[in-house]
Structure formats: structure tokens, C-alpha cells
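Visitor: Now for the letters of each chain:
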Amino acid sequence: QGQLVQSGTEVKKSGASVKVSCEASGYTFIDAYIHWVRQAPGQGLEWMGWVNPNTGNTKYAQKFEGRVTVTSDTSINTAYMDLTGLRSDDTAIYFCAREYSATRRFDLWGRGTLVTVSS
Amino acid sequence: QSALTQPASVSGSPGQSVTISCTGTSGDVGTYNLVSWYQQLPDKAPKLLVYGVTKRPSGVSNRFSGSKSGNTASLTISGLRAEDEADYYCCSYAGINTPYVFGTGTRVIVL
Chain D
145 QGQLVQSGTE
155 VKKSGASVKV
165 SCEASGYTFI
175 DAYIHWVRQA
185 PGQGLEWMGW
195 VNPNTGNTKY
205 AQKFEGRVTV
215 TSDTSINTAY
225 MDLTGLRSDD
235 TAIYFCAREY
245 SATRRFDLWG
255 RGTLVTVSS
Chain Y
-4 QSALTQPASV
6 SGSPGQSVTI
16 SCTGTSGDVG
26 TYNLVSWYQQ
36 LPDKAPKLLV
46 YGVTKRPSGV
56 SNRFSGSKSG
66 NTASLTISGL
76 RAEDEADYYC
86 CSYAGINTPY
96 VFGTGTRVIV
106 L
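So the protein sequences, as listed, match chains D and Y.
Numbering-wise (the numbering used here), the first sequence opens with residue 145 and increments by one.
Numbering-wise (the numbering used here), the second sequence opens with residue -4 and increments by one.
Just to be clear, a hint being listed does not mean it is correct.
Stated by the list, open to error - Mimicking DSS-like on lysine-lysine, the simulated pairs with C-alpha atoms at most 30 Å apart in a straight line are: (1) D/K203 / D/K163; (2) D/K157 / Y/K63; (3) Y/K39 / D/K203; (4) Y/K63 / Y/K42.
Hints in this document: simulated from the structure, not taken from any laboratory.
Note that the coordinates shown come from a computational prediction; the quantities given were computed from them, not determined experimentally.
Work out the full structure: start from the sequences and follow the hints.
Guide: Written out as C-alpha cells, the structure is:
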């Protein structure tokens, strides 16, 4: 079935960068895209981007273009989300989620990583 | 790409049915039969309930059902139970340029 294990809570200053990891297990890592979705406190879900671990190809939401980089390392079955130029409104829980074989659904989610940005 | 529009909350008594709407545009919900629904319990990650507008993953109760008409998708919860109290989000594929858009979210309250 699979599992996605994310890295721990981060506290950053405005202007800094953060890198969140998402380690996959229990399935073939290169068979599924990894997406990143964030949720600000008390707010809804917001799609940020995806990486195809098989090819390294990526796609980002226009809102985050130039500030977010999503990568993967197939040797350790891990995806990463790097967000630069942090602002207070980037304070959120960041989730990774799996999309199997272009099925257009997120069938497995990590528990989320809280990123707090302080000034 | 704007978020899909959902009601902020819906409520019902145990045993009743509630329906959550999800209104998009011809660029997302109206064009693609690729709407999915997620349940998010407090302080938990979202869980896939429905995909491809009407399909349920194995293990998801048949009390959850999806449908679509035009630019609006809907999720119906039948036989409402206390454990259904959660936030629900729709999500639609929206094409190559901005692949995914989520709904604004609906809190289901069991009276």
C-alpha cells in the first residue's frame, strides 16, 4: 500500500529557505508522481507542484514559480520540496502526496510538516 | 487559477443525507471527469474518498458517493454518522498549465 514519511517541524526567519523531505516506502518509487500541497492555519488545501521521480520532470503552480523547487532522489526513495524567500504567509503545513500512474488522484498522503515563518 | 467553490459548512442529523457542492468552470470541473474528494479529520492528513467523479477506492464506505453536472460536482454522504464530522475538499484536474485546483473546503457538522 505504501507510506510517506515527512521530515519534522521547521521554524524559519523571513527571507530564509526551507527544504522538506518525503520518504516513500512500500511501493515502487518511480511508478508514482509526488505532489506537494500546503495548508495555512485554518485554511484550505493548496496545490504547489509535482515531481515525476522516474524522469525528474516537474510542474509548479503559477503562484509558486520561481520560489519552489521539487526534486527526487531515487537512490533513497525520497522527494524534496524547497521553498525560498519565505514570508509569514508561507506558515503552513506542507503535505506530500502520491499520484499513481497519471490517475489524477492523491491516494496516499504524508502526515505533513509544519513550517513556521517568523519575522 | 481560482479555487473551486464549496459551501463553508453543511449540517445534518445522524442517519440523514447531506450533499456538498463543488463549483468550478469549464476549464476544470466542466471539462474533465477527474474530480476527487478528500476527507480531513482534525489534525490529520486528507484521505481520498472519491475519484474520477464517482469511483470509490477500496475500503471507502459506499455511504460516500459522487456525481457531476456541468461545472458542479457533488459529494453525498448518506446515513450520516458522528465520525463523518470533518472537513471535505474537492479537487479537479485542470489541464497542463495548472494541473490541479482544490475547493475551498466544507465543514460537515453532525447535529
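Visitor: Which numbered hints turn out to be false for this structure?
Guide: 2
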